[in-house]
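In case you want the letters, here they are:
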Amino acid sequence: MIWQQLQSIAGSYPLALRGLGMTVVLSLISLVLGTLLGFGLGILRTGGNRLISSAIGGWVDLIRGTPFLVQIFLIFFILPELGIELDAFTAGIIALTNLAACFICEIVVAGIRSVPTGQVEAALASGLSRWQRMRQVVLPQAMRIVLPPLVGQYVLLIKDSSVVSAIGLTDLTRVGWLVVQRVPNGLLVFFLVGVGYFIVCYPLIMLARRLEQRMGAAHGEVQL
Amino acid sequence: MTNLSSKNGAGMIEFRGVNKWFGQLNVLKDITLSVEPREVVVVCGPSGSGKSTLIRCINGLETIRDGDLTVDGQRLGDPATNMTRLRTEIGFVFQSFNLYPHKTALENVTLAPIHVRKIPRTEAEKAGRELLAKVGLADKVDAYPAQLSGGQQQRVAIARCLGMRPKIMLFDEPTSALDPEMISEVLDVMVAVAEEGMTMMVVTHEMGFARKVAQRVVFMDAGAIVESGTPDEFFSNPKTDRSRAFLSKILRH
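Taken in sequence, the protein lines are chains A and B. Take the first sequence: its letter number 30 is residue 30 in the working numbering, and every next letter is one higher. Take the second sequence: its letter number 13 is residue 13 in the working numbering, and every next letter is one higher.
Simulated from the structure, these hints should not be mistaken for lab results. The structure presented is a predicted model; accordingly, all values stated were derived computationally and were not measured. Beta carbons: idealized from backbone N, C-alpha and C, even for Gly. Treat the hints with care, as some may be off.
[Claimed, not checked] Cβ pair distances, simulated, as ranges:
(1) S53/A - G77/B: 20 to 26 angstroms
(2) R64/A - G23/B: 32 to 38 angstroms
(3) R85/B - G48/A: 15 to 21 angstroms
[What the hints assert, rightly or not] Stretch by stretch, here's where chain A covers chain B in the computed footprint (C-beta under 8 angstroms, at least three residues):
(4) 74-87
(5) 90-102
(6) 223-230
Could you put the whole structure together from the sequences, leaning on the hints where they help?
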């Protein structure tokens with residue numbers, strides 16, 4: 001019986017590949033956008049403007065303090081009520097990008113704050129502009145603190161992307177739901193779904209571990 | 001020398017009635033002081049007397065509450081004064097060096113010339129190598145700060161300032177964080193800079209340095225300038241009890 005089920009599951013490999021592809025594409029786009037946005041928010045949050053800083057802080061707390069499923073529902077079902085029509089893919093990208101940006105913002109802020117004041121003063125004293133100080137002096141040093149948790153966060157976000165199946169996107173998790181209707185062996189099907197996620201995440205877990213070890217180096221910019 | 005403020009306002013650095021508070025604490029009390037071009041002024045005084053705060057005000061690392069502070073003809077706090085630009089004319093050497101740990105000695109020296117002065121990289125690197133050679137570190141061009149001793153790091157920090165060709169150099173206790181055997185190598189570089197005619201304000205207790213190159217010693221206590229005079233006057237004939245007490249402590253060993 002298990003042999004038949006395996007055959008049946010094997011028969012749905014095009015669907016599984018599509019699901020895996022969707023998970024990877026969705027995660028990749030959201031992580032790239034979320035990283036850019038997260039760094040931007042983190043830099044603004046540590047900038048001088050108190051209003052901008054507390055607005056970002058409030059938003060980050062709100063997103064961190066609510067379930068991702070609820071955020072996705074709000075974006076997918078409530079925004080159309082307000083006249084903003086979104087397809088599921090766009091809604092998924094927006095929700096996941098926003099989530100990524102908020103978590104990454106916090107990581108970036110912690111990194112920036114770990115750079116000693118003397119470094120900023122030295123950069124200030126030599127006449128570097130705000131952006132030059134950030135780009136040349138603060139960020140390269142902050143990256144040592146930022147990189148390991150950043151990559152760790154990517155792993156969490158790839159797993160969080162499974163929530164988009166709730167709004168009908170055919171990602172890896174939803175493929176599991178579809179297949180299990182034909183092959184009534186949930187344990188086997190979702191074991192394989194889990195394997196799919198693990199294959200995507202494991203290289204990142206290894207990378208995070210490697211980065212953490214390299215942070216011990218005495219000097220120099222972080223090299224991947 | 002008793003006339004601290006110059007009449008025509010030609011001083012490179014001009015404090016007029018400057019006050020500053022940290023909360024309730026009056027850290028700078030009614031400071032009036034003028035530093036002429038090419039003059040070397042040593043600022044000394046007990047810990048917490050406001051010496052560091054005084055020179056940190058000059059490049060805007062601290063802001064003043066009231067009074068006038070004019071640097072190179074530009075009034076600080078004036079909206080017309082471009083602080084970032086003014087800072088390029090003022091070198092600042094920190095007690096704790098503050099070299100960029102992720103950049104080599106040469107990169108530390110060339111960073112601001114390349115990005116602020118917009119000097120072409122090859123040209124900036126040539127000038128940077130010359131400066132590092134001048135402070136005796138020609139062989140450490142590619143070393144990272146963590147690979148250098150304290151004295152070497154501070155010499156790189158001085159070269160980093162000189163790379164901007166500043167009009168003024170400020171030193172905030174440049175040798176206080178150094179092991180004793182490294183102090184002279186840094187002081188030698190500072191003497192050389194002074195002898196080239198740099199306008200300098202140096203917070204230090206190195207009285208040998210003061211005697212050698214300073215035109216004036218300013219003694220501060222509790223946020224105020226208590227006494228000011230030539231090094232000879234100040235060391236051989238201090239006028240106030242407080243400066244006598246201070247000198248007896250630092251000259252005892």
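Please flag the earlier hints that this structure goes against, numbers listed from lowest up.
6
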